[in-house]
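Student: Read off the chains here:
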Amino acid sequence: MHDKTLAQQAALLASGELKSVELVDHYLTRIERLNSNLNAYILVDEDRAREAAVAADARLQKGEGGPLTGIPIAHKDIFCTKDVRTTCGSRMLENFIAPYNATVVDKLNDAGVVTLGKANMDEFAMGSSNENSFFGSVANPWQHDRVPGGSSGGSAAIVAAQLASAATGTDTGGSIRQPAAFCGVTGIKPTYGRVSRYGMIAFASSLDQGGPLARTAEDCALLLQAMCGHDPRDSTSSLTDVPDFSATLNDDIKGLRIGVPEEYFAQGLEAGVADAVKTALAELERAGAILKSISLPNQGLCIPAYYVIAPAEASSNLSRFDGVRFGHRAENPQDLEDLYKRSRGEGFGPEVKRRILIGAYALSAGYYDAYYRKAQQVRQLVTNDFTEAFKEVDVIAGPTTPTTAFSRGEKSSDPTAMYLNDLFTVSANLSGLPGLSAPCGFSNGLPVGLQLIAPVNEEARLLNLAHQYQSVSDWHLQSPVAND
Amino acid sequence: MQYIMIDSCAYNQDRIRFVALTPDDIKSIAHLARLGVEEDALAPLAADLSSMLTLVEQLQAVDTTGVEPMAHPASASLLLRDDVVTEPNQRETLQAPAPATQDGYFLVPRVIE
Chain R
1 MHDKTLAQQA ALLASGELKS VELVDHYLTR IERLNSNLNA YILVDEDRAR EAAVAADARL
61 QKGEGGPLTG IPIAHKDIFC TKDVRTTCGS RMLENFIAPY NATVVDKLND AGVVTLGKAN
121 MDEFAMGSSN ENSFFGSVAN PWQHDRVPGG SSGGSAAIVA AQLASAATGT DTGGSIRQPA
181 AFCGVTGIKP TYGRVSRYGM IAFASSLDQG GPLARTAEDC ALLLQAMCGH DPRDSTSSLT
241 DVPDFSATLN DDIKGLRIGV PEEYFAQGLE AGVADAVKTA LAELERAGAI LKSISLPNQG
301 LCIPAYYVIA PAEASSNLSR FDGVRFGHRA ENPQDLEDLY KRSRGEGFGP EVKRRILIGA
361 YALSAGYYDA YYRKAQQVRQ LVTNDFTEAF KEVDVIAGPT TPTTAFSRGE KSSDPTAMYL
421 NDLFTVSANL SGLPGLSAPC GFSNGLPVGL QLIAPVNEEA RLLNLAHQYQ SVSDWHLQSP
481 VAND
Chain G
1 MQYIMIDSCA YNQDRIRFVA LTPDDIKSIA HLARLGVEED ALAPLAADLS SMLTLVEQLQ
61 AVDTTGVEPM AHPASASLLL RDDVVTEPNQ RETLQAPAPA TQDGYFLVPR VIE
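Top line first, the protein sequences correspond to chains R and G. Note that this note's numbering gives residue 248 to position 248 of the first sequence, counting from 1, and the numbers run on in steps of one. Note that this note's numbering gives residue 53 to position 53 of the second sequence, counting from 1, and the numbers run on in steps of one.
If you are wondering where the hints come from, they were derived from the structure by calculation, not from laboratory data. None of these values were measured; they are calculated from a predicted model. Cβ coordinates follow ideal geometry from the N, Cα and C atoms, glycine included. You may find that some hints are simply not true.
[Claimed, not checked] FRET-style restraints, in silico, Cβ to Cβ: (1) 94/R to 22/G: 48 to 56 Å; (2) 95/G to 110/R: 52 to 60 Å; (3) 43/G to 285/R: 52 to 60 Å; (4) 51/G to 243/R: 39 to 47 Å; (5) 407/R to 69/G: 37 to 45 Å.
Modelling step: build the complete structure from the supplied sequences, incorporating the hints.
Tutor: This is the structure:
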């Protein structure tokens, strides 16, 4: 039953052919058998999962369930869960028990999902390989010597290895889409503000967005529906109405204009990735879409702008970890300064330290204008490129990543080489646009992701297009041999 | 020591000269961030941060004259709520994760002798 999509499982649950307790037990058994090799879960909570499954079955029995009632999922360990440990992949929060649920957790609980556990991730969501987790790296289910991507690497590996029906993730520079591409699953980062950031541990607040990872676009539509909506507890939460994402999945894509940025197919793109993406685009053209070559001239500046803005915001956000109110506290501090410095020095890992330092530097007196302000101006230029492009096209499509999943250990000693993984994904974060990655083939036995980007608030268009693609392809239904 | 010269930004008439970061620079930035860094980590961090600065350096070549800085993708202004009490007192719940508390206060090392 693990090889069924979430939507198929939901139909079986609704008809009574399948009980949530059976489904949950089935996944718990798989986790027991397969997680030790993958390390995709940081925490598995069997008791709470079984309790929630019993409650979900009762709700379904009474006919009060929705499409997510009784569906087992994993939460990225960045979402606060009341009474259950939330680590954010860091020693800093090794023993942190949040006093409240993230809004995303509450909303999905209200919809009746069953939380199996918390997914591994790069520490404080900083990374593209999941090698920065205090709780150890994660294996890519397709080839265990490869990384699953990051920072939502545990979430993507869980969905690919079918250790839950779906998982939540967050995306600051590509952290849902890049691991979705590397693990051969579907993931969507909605428009900035769509999903509440309340209780989602902050990395870079003007870029962070939560979203789902699942097997199919249809599954993502169901999850995103439950996750979206205005939240008065998040000051940047969107007031825009949330459409019915499932209602438009089957809309005809005839005449839909797809922009293909020439910059996305420049030098450095792995040949197998380029081939798979071009084949997928041709498939969409056969389905009635119109391909149009476009240019995003400032695309090359996205990484530099991002690596000023994200660390600057992170250095500010992570100042809250001071050894006083929550998190790790150093033993026997000499004075307050020693308490701050040693608690933070011991609690944070190397990549988090690098980003705090570069961020503090970029914001420091004398450098603010040259780095932070300049990066914000470039951010505006990048956004202007999209505004221009969307006058001509409805969706932008290209590869999610320049390569398929790289080897574990290959890039961990060179932070800046690691950053180039986000080449095609950071622009959507800088501009607050929705972006989706869907499986579109393989290169050397590893999954390739097709990225789709739409104008603000047009998630439904992305899900529609991805669903139509998945109706004429079966890449999303393939699973790693090691799953069985 | 490596010096990197860059053009002045449009909004700044002075030419700014950037220096590749040294272990001493890391020490002072780490102090600003109240981040403990081991002595032997200073040199590798100086190299890593300098390479990050090289990565972002190409921003300086972009003409951004007259471009309004974009701080945020959400353009809507902040909302006002009614001026009524909405949150109950949850001091005990919220202090539960704290490493050290007493009488409802967070404990820190003595600041005033």
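Student: Is it true that the C-beta distance of residue 43/G to residue 285/R lies inside 52 to 60 Å, as the hint says?
Tutor: Holds, at about 54 Å.
Student: Could you tell me whether the CB distance from residue 51/G to residue 243/R stays inside 39 to 47 Å?
Tutor: Since the Cβ atoms of residue 51/G and residue 243/R sit about 44 Å apart, the hinted range of 39 to 47 Å holds.
Student: Does the hinted range 52 to 60 Å hold for residue 95/G and residue 110/R at CB?
Tutor: Hint violated: Cβ distance 28 Å, outside 52 to 60 Å.
Student: Mind checking the hinted window 37 to 45 Å against the Cβ distance between residue 407/R and residue 69/G?
Tutor: 39 Å, holds
Student: Is the hinted range of 48 to 56 Å satisfied by the C-beta distance from residue 94/R to residue 22/G?
Tutor: Since residue 94/R and residue 22/G have Cβ atoms about 33 Å apart, the given range 48 to 56 Å is violated.
In the structure shown, a violation is registered for the earlier hints numbered 1 and 2, in ascending order.
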